[in-house]
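**Student:** Okay, here's what each chain looks like letter by letter:
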Amino acid sequence: MNHVLEIAGLTKTFGGLTATDNVSLTVNAGEIHALIGPNGAGKSTLINQICGELMPNAGHIHLAGRDITRLPPAERVALGLGRTFQITSLLDDMTVRENLALAVQAREGGNFRIFDRAANRAEVWDEVAEILAASALGPRAGVTVADLAHGEKKQLELLMALSQRPRLLLLDEPMAGLGHLESQQMIDALLAARGDCAMLLVEHDMDAVFALADRVTVLVYGRVIAAGNADEIRANPAVRDAYLGEEDT
Amino acid sequence: MKREYLILATVFLLLALVPFLAAATGQTSWTRLVGQALIYGMAAASLNFILGYGGMISFGHAAFFGIGGYVVGIMYHHFDAGTSFLGVIPGTDQMLITLPAAVLVAGLAAALVGAMSLRTGGVQFIMITLAFAQMFFFLFISLKTYGGEDGIMVRRTNALPGLDMRNRDTLYWVVLCFAAAYYLFLRRLVQSSFGQIIAGIRQNERRMASMGISTFRYKLYAFILSGMGAGLAGALMVNFLRFASPDMMHWTRSGEFMIMVILGGVGTLAGPFIGAGVLFTVETTLARYTEHWMLPVGILLLVVVLTSKGGLMALIRKLTGGQK
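These protein sequences, in sequence, are chains A and B. Mapped onto full-length UniProt numbering, the consecutive letters of the first sequence carry residue numbers 1 to 249. Mapped onto full-length UniProt numbering, the consecutive letters of the second sequence carry residue numbers 1 to 324.
FYI, nobody ran anything at the bench for these hints, they're computed from the structure. Just so it is clear, the structure is predicted and the values come from calculations on it, not from any experiment. The beta carbon of each residue, even a glycine, is placed where N, CA and C say it ideally should be. Take these hints with a grain of salt, some might be off.
As the list claims (entries may be wrong) - Here are the simulated lysine to aspartate or glutamate pairs, DMTMM-like style, with alpha carbons at most 20 Å apart: (1) K318(B) - E4(B); (2) K309(B) - D92(A); (3) K309(B) - D93(A); (4) K144(B) - D247(B); (5) K144(B) - E205(B).
Stated by the list, open to error - Derived, one-sided and incomplete: chain A residues facing chain B with beta-carbon distance under 7 Å: (6) V77; (7) D92; (8) I114; (9) A133; (10) A136; (11) Y221; (12) D231; (13) R234.
The following block holds chain B by itself, in its conformation from the complex (with noise of 0.2 Å):
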């Protein structure tokens, strides 16, 4: 437990000097390639809470990344252009309100689609997910008002009072603040009384329900906490990036989401995480080298997989002798 803290508390700290070192050595990229890769943590991490802890093999979790970053550029559009969304709802540029607005919403769309796809189980679960997942994608590049296929430009991030977000290092600060509070708030989560019940589902979803419990609608609870999830990463990487495109809720998106659990170890606090990491740099990295670059990360995946039963965090305990 003491070494559980001990070990966050050291790795929080180095990701603080992330900015300082890339300055030092003059790698001013890093601390791009870090908070993204953070942000995709966080996006992970929520598709393992229902993936690993529940048991629902969700494979459209990218919809409601790409929500919760549409909703923070729909409204910095209206900010920028003076107009309304749907003519009532005013734009803004506070990201007090965008991140909150951008966490409901992918909220409701969580609640929407899991109300329909939970009904039902295993493969077609999949495919329905996915299927909802393309539904959001193509509504999206349809919505000229909202630059189609192109994409929202967010020409400037959301301000935070008394923080001067513009400077890439303070975005980087809030970005690893908001993955430190996720990453917490799961540990809490998976411990809580409701975690046990989801751990209990997973396991057996039939005697869960000989003990009276509706099995249900913990399933959408935990598919709606889980979309929030993915939505507070999507409305910051938009922040961070700058950006919101259709292609943050492609499906190719979902896979990597899925990826990254698993490559990280599924149903582990920090798995996705570590996933994220070592998934993204590796992409990073041999795309300047090759166009071809996803051959070795389907070798890298495969060798994981193959040789861990339960990806890299396995492979750290076996490394660290057993230890949690």
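Bound-form chain A, shown alone (with noise of 0.2 Å):
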């Protein structure tokens, strides 16, 4: 039961196409694990079944040994379940601030009060000034999200994502559309936040994959082909041929 995450048996068809197929893997506490596998292999599939966005057809996800299989997604969150998009999904009417607050503010509660002042919930700002002083996006606190540059909304859903104090953290292609010295950034602001919650990385920057990850699952065509460390995985034919091999060279 060390097992933050632990799926087993999930399947997932869609008519004909089976996106998942028997997929079984596991995350511990602490640990970075990531999810490769080349375009339509099934991984965002798999990532909205964990989430609740998807529901599979069999097969089973245990979220820190509680069967979180049929809950809803707001369930799943309060159980401690965190997740960034791919396509970054952010608040863009608000300040990075306000992103943030909110953030906060949900995970706190008493969402359904009417009378109260969220502008006067210092356990809130309190939080959110901390989060940001600790942050390289700290000098931007003040600007309207749909200002920001690519690379920073990126950063934000990092760390809206980890204010929710998940213990596990689904991470859907945090580096797609970074540059060299953003992807850097990331994989930092990665590697320090890797001691507050186990993650589950799904992504295609390969360097970044092998800078982060403990352990590594590949997928294709829905399928789990290989899992191991890093360096298996880069050993692994099967492996190389199926997907390393174009992009890796």
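Got two chains here, each in a separate frame; can you build the complex from them with the hints?
**Tutor:** Take a look at the structure:
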């Protein structure tokens, strides 16, 4: 029961297509587990089933020992599931600070209060100030999200997800669209956060994957074709054929 | 901040002086017109909470306005006839009972409509809310006991202890106080923790769900609060005009509320009140000269929407130098 996440025999079909084919994997406490595979391998489908946006046809998902296979998304979050989106998904009319405040408030509760003043909730704003002080986004706190650069949005996504204090963080391509320097910043940020929560990382950037991951699972056509530590995966001929050969020359 | 309070107090004072100005200039219909505009403003502002702040485009808001009004009408009807509603609930003409009852019943109706329509979104949501409103409209038309198509005459405005509610000016001031209180309530609501969640859901529902927010429950709560506001406005209107009719919940009324919100400024506090005031004034003025007053109103709406992104409030902000 040391697994934060345990997926067993998960299967999802869309009509005749088997997008997730009997997938089993575990994420241990404090571990970064990378999920790689070519486009269309079913990585996003798997992530969406863990989040609860899609229901599997068969199999089980356990979060910290609890069966969450049939729970609605919001209840999974309450049990400690956090996520970032492949295409950044933020509150575009609000500032960086307000985005974070809403994330902290959502966790803190009192969300049905209609006679308080959100601006006066010290417990929320103190925590937001702390998060911002420790982040490179600090100087950009007052900027509206719509005006942020792509890399800054990615960083804000991560900060918001972490502010939920998840046990398990699902990262859907956090490096997508980032420049070399921004990628390095993101890797540093993820390494700094690894003590706080376990992570399941979906990523195409192999440098990032091998820099971060304790274990790697390779998904091809919805099926797990290999799993192991970074070196084992690098050496695995089936993986090289299916995937690495093309991109990691 | 200080400036906002100053403006609010000034506007309130000016509105409170309307009956005196009307008497001094001999334009006694002013009080009645401004009173109606204030009540429409409340209804539009309640719609604006879900439409502007919550992003839920409800096209059936007049249903709750009408239901609130009918609660007052039906209770007065039974009070007048000495009978009971469904043989259990006796009628009354006490405003301290009829208004809370109207708010409660409108809230229940909103809970019912919201629970079913909020499962959808976009165009479906617009059509389902419209369909529900039309159902209520025809339901009340079919209630022959309560006047059917003709509605209910409320011969006397509800009584409020210590006030002579038969005096039109007193009634106007009571309406003004309710409108001011409702404005302050909404101001509080959008700044509350709940208001933040609702604003978040408007911008990105999926993101809010990923932060553990069961968005349906929050949207339903907002929908109920909004329906209650419309119910209060409807109850005041029936008191003010001493008449409740199915026309209060006709779909064109829902459209009017929407026009008021858009004309005044979506997602602003004062916008719906300004929109209601302008639309109602233009309507009644033009109706005196021509039957086809809708044409110039339509042109006005087009001009405002096309030239000022954000309605009259945006225009005012521009003219006063970008201040809030």
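**Student:** Each of the hints needs a verdict: does it hold here or not?
**Tutor:** Hint check:
Of the pairs offered as hints, the one joining K318(B) and E4(B) holds, with about 16 Å between alpha carbons and a cut-off of 20 Å not exceeded. Distance check on the hinted pair: K309(B) and D92(A) sit about 18 Å apart at the alpha-carbon level, within 20 Å; holds. Of the pairs offered as hints, the one joining K309(B) and D93(A) holds, with about 16 Å between alpha carbons and a cut-off of 20 Å not exceeded. A hinted pair counts as satisfied when its Cα atoms are at most 20 Å apart, and K144(B) with D247(B) qualifies at roughly 15 Å.
Annotation: proposed proximity of K144(B) to E205(B) is violated, straight-line Cα distance about 44 Å (limit 20 Å). Here the hint on V77(A) is kept, as its CB sits about 3 Å from the closest CB of chain B, short of 7 Å. Hint status for D92(A) relative to chain B: holds, with the closest Cβ pair at about 6 Å, below 7 Å. A distance limit of 7 Å between C-beta atoms decides the matter here; for I114(A) the minimum to chain B is near 5 Å, and the interface restraint holds.
Checking A133(A) against chain B: minimum C-beta separation of about 22 Å lies over 7 Å; hint violated. Hint status for A136(A) relative to chain B: violated, with the closest Cβ pair at about 21 Å, above 7 Å. The beta carbon of Y221(A) is not positioned within 7 Å of any beta carbon in chain B (closest approach about 27 Å), and the interface hint is therefore violated. For D231(A), the shortest C-beta to C-beta distance to chain B is roughly 34 Å, which exceeds 7 Å, and the interface hint is violated.
Annotation: interface hint on R234(A) violated; nearest CB of chain B at approximately 33 Å, more than 7 Å.
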